[in-house]
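Protein chains in written order, with the working numbering: chain S, 1 to 340; chain R, 1001 to 1340.
Simulated from the structure, these hints should not be mistaken for laboratory data.
C-beta atoms are modelled at their ideal positions from N, C-alpha and C, and glycine is treated no differently.
Mixed in with the good hints there might be a few duds.
Said to hold, decoys possible - Estimated spans, in silico, between C-beta atoms of each pair:
1. S:Arg323 with R:Thr1232: 51 to 59 angstroms
2. S:Gly45 with R:Val1317: 17 to 25 angstroms
3. R:Glu1043 with S:Pro321: 22 to 30 angstroms
4. S:Leu174 with R:Glu1239: 40 to 48 angstroms
Number of protein chains: 2
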Amino acid sequence: MGVSLKDVAMRAGVSVKTVSNVVNDYPHVRPDTRDRVQRAIDELGYRPNATARHLRTGRSGIIALAVPELGNPYFADLAAAVIDAAAHHAHTVLLDHTAGLRTKETLVSLGFRSHLIDGLILSPIHLENDDLLRRRAGPPLVLLGEREYDAPFDHIAIDNVAAARLAVRHLIGLGRRRIAFVGARRDSRRQPAHLRLRGWREELLATGRTPREDLVVATDGYDRLDGAVAMTRLLDLPEPPDAVFAYNDLVALGALRVLAERGVRVPEEIAVVGFDDIEDGRYGAVTLTTIAPDKAAIARLAVDCLITRIEAATDPVPPRPRRILPSHTLVVRESTAGRA
Amino acid sequence: MGVSLKDVAMRAGVSVKTVSNVVNDYPHVRPDTRDRVQRAIDELGYRPNATARHLRTGRSGIIALAVPELGNPYFADLAAAVIDAAAHHAHTVLLDHTAGLRTKETLVSLGFRSHLIDGLILSPIHLENDDLLRRRAGPPLVLLGEREYDAPFDHIAIDNVAAARLAVRHLIGLGRRRIAFVGARRDSRRQPAHLRLRGWREELLATGRTPREDLVVATDGYDRLDGAVAMTRLLDLPEPPDAVFAYNDLVALGALRVLAERGVRVPEEIAVVGFDDIEDGRYGAVTLTTIAPDKAAIARLAVDCLITRIEAATDPVPPRPRRILPSHTLVVRESTAGRA
Chain S
1 MGVSLKDVAM RAGVSVKTVS NVVNDYPHVR PDTRDRVQRA IDELGYRPNA TARHLRTGRS
61 GIIALAVPEL GNPYFADLAA AVIDAAAHHA HTVLLDHTAG LRTKETLVSL GFRSHLIDGL
121 ILSPIHLEND DLLRRRAGPP LVLLGEREYD APFDHIAIDN VAAARLAVRH LIGLGRRRIA
181 FVGARRDSRR QPAHLRLRGW REELLATGRT PREDLVVATD GYDRLDGAVA MTRLLDLPEP
241 PDAVFAYNDL VALGALRVLA ERGVRVPEEI AVVGFDDIED GRYGAVTLTT IAPDKAAIAR
301 LAVDCLITRI EAATDPVPPR PRRILPSHTL VVRESTAGRA
Chain R
1001 MGVSLKDVAM RAGVSVKTVS NVVNDYPHVR PDTRDRVQRA IDELGYRPNA TARHLRTGRS
1061 GIIALAVPEL GNPYFADLAA AVIDAAAHHA HTVLLDHTAG LRTKETLVSL GFRSHLIDGL
1121 ILSPIHLEND DLLRRRAGPP LVLLGEREYD APFDHIAIDN VAAARLAVRH LIGLGRRRIA
1181 FVGARRDSRR QPAHLRLRGW REELLATGRT PREDLVVATD GYDRLDGAVA MTRLLDLPEP
1241 PDAVFAYNDL VALGALRVLA ERGVRVPEEI AVVGFDDIED GRYGAVTLTT IAPDKAAIAR
1301 LAVDCLITRI EAATDPVPPR PRRILPSHTL VVRESTAGRA
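So here's chain S without its partners, still in its complex pose:
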């Protein structure tokens, strides 16, 4: 209605720059200043002309984050961390969940909704290398997670093989001899043996043990229910395992539930290690030993990489794709160490 930034600034008694900072949702504006500017905006009925800005810069200030499951606390934690990291670059996050569907992952990776976003952070489960190589258009893309691709995109993921070896080494150190792996994918055509399973195998071989394939349990997914079903199967073996390394914490928590139901003592009879360090694992009747990826670092690095790429979009020679390995730690709790 002809109300300008300048009108708002005068009404609020601040500089145009400050109004602009508030309107663009930049951090580090004092709350009371923000309130005053917002009040002036309301009183004058000012509407920031995002469309004009969008036309001018060609950017929306929005980045998308696509994760397979919001119901998995790992991804909820990661999403919260990405929202924080993006705010430091004055970007808003559009959060999408692909529900672990390949079609949805493909669509997202190919630039679906690309008219809304400046860039995309994608954590794929099913996406194939060919899907990525087919990608010729769309906004800058950064990949997260343990699937490895031979495609020219930045990829942020901890060293999953090393992390899995660390978990298995911990169990070997406790004297366990029949260490199961729970959470291999059932559909091996689509999903090759993943890195955590490879780490399990490598560590056993490196210490002179034979990986027992009957102790590798495939699951339909990576949820508590999958862990419960798999654990039931393992307990019904003639010779059950004395340790379980689970693909993630949710699978491990499902396994722990079955062990509690069956009255199996943890860790005395069966020790359990998960992966992700979600909060649920810290509050069970038996707290869960787990691999803790540095989620804040993953989020920060992903956003940094993406912003760099967005800003280099018009460079004649784009930056080389980077493979970054944030750190991880083994967090030892009751499911392997027992109660103090």
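We have chain S; now place chain R onto it with these hints.
The following block gives chain R in isolation, referenced to the frame of chain S:
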């Protein structure tokens, strides 16, 4: 680059309408059709002209959902349900978390980022009635959650008093006499006694019991840690409770952890009821009895209300604000019924 919808339609061998459906992310497009259209879009380098559409309709096709905590699985479930419900109306969801901060809730409610969004669904914790009454501009707003306001906005929430009374009635029916409430807010100036606490009190009074205020434990927040701290305090009372009704499942799970640590038998010595029906409660060593709000209905009703309001934005007489009460159920599990 001069590539039109029609060019894409011809390349893909489909109608312009179908291309438009894909571009606008409408549901019910067959995956193979979607793939074919997407391939044509990639090959031709077509970019949907969202800016032009935005200028024409004044709408972005984006609605925002602001929740206090993504780390609480209840809100993660709700977010996933809202994303699904919005997709049925061809809207994209921009997810924001307010981290339970009043300043952030106020900013969001006042129309922060309103240049990006057509409407807002907000689940507030600290927002005051005055904050809402001050709101004179900004996009259509729908409220979620148990805080009650006397302000002209649609509000979707289950009947929290009735739900709490149902939980307490269940515990009374089990013969429990010292029923604690865990999760009252410590800062009572900001957060008046909430509806779940009121339900606890009303049900005790209605059955001729005296609500014992020493069994009401205030907490700093609604997380597992808060439940653990509160449970520790209750166990240290000269006469501990024989039942706990927790503000939510996270608080209940924190309490269960402490009970396991202390070797207190659940439910024999202390029965526990939570609120939210998050998945974590179904997989503990003792599964959690809880109040289950109909999350899918909450999400659907919130999106329906918001879309109605967005479409009525230019009506001379806007629709009257609605207060809608989705249903809830009591789900009885081991923490009150014991193991079968």
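Each hint tested on the structure:
| no. | hint | in the structure |
| --- | --- | --- |
| 1 | S:Arg323 with R:Thr1232: 51 to 59 angstroms | violated, 46 angstroms |
| 2 | S:Gly45 with R:Val1317: 17 to 25 angstroms | holds, 20 angstroms |
| 3 | R:Glu1043 with S:Pro321: 22 to 30 angstroms | holds, 23 angstroms |
| 4 | S:Leu174 with R:Glu1239: 40 to 48 angstroms | holds, 42 angstroms |
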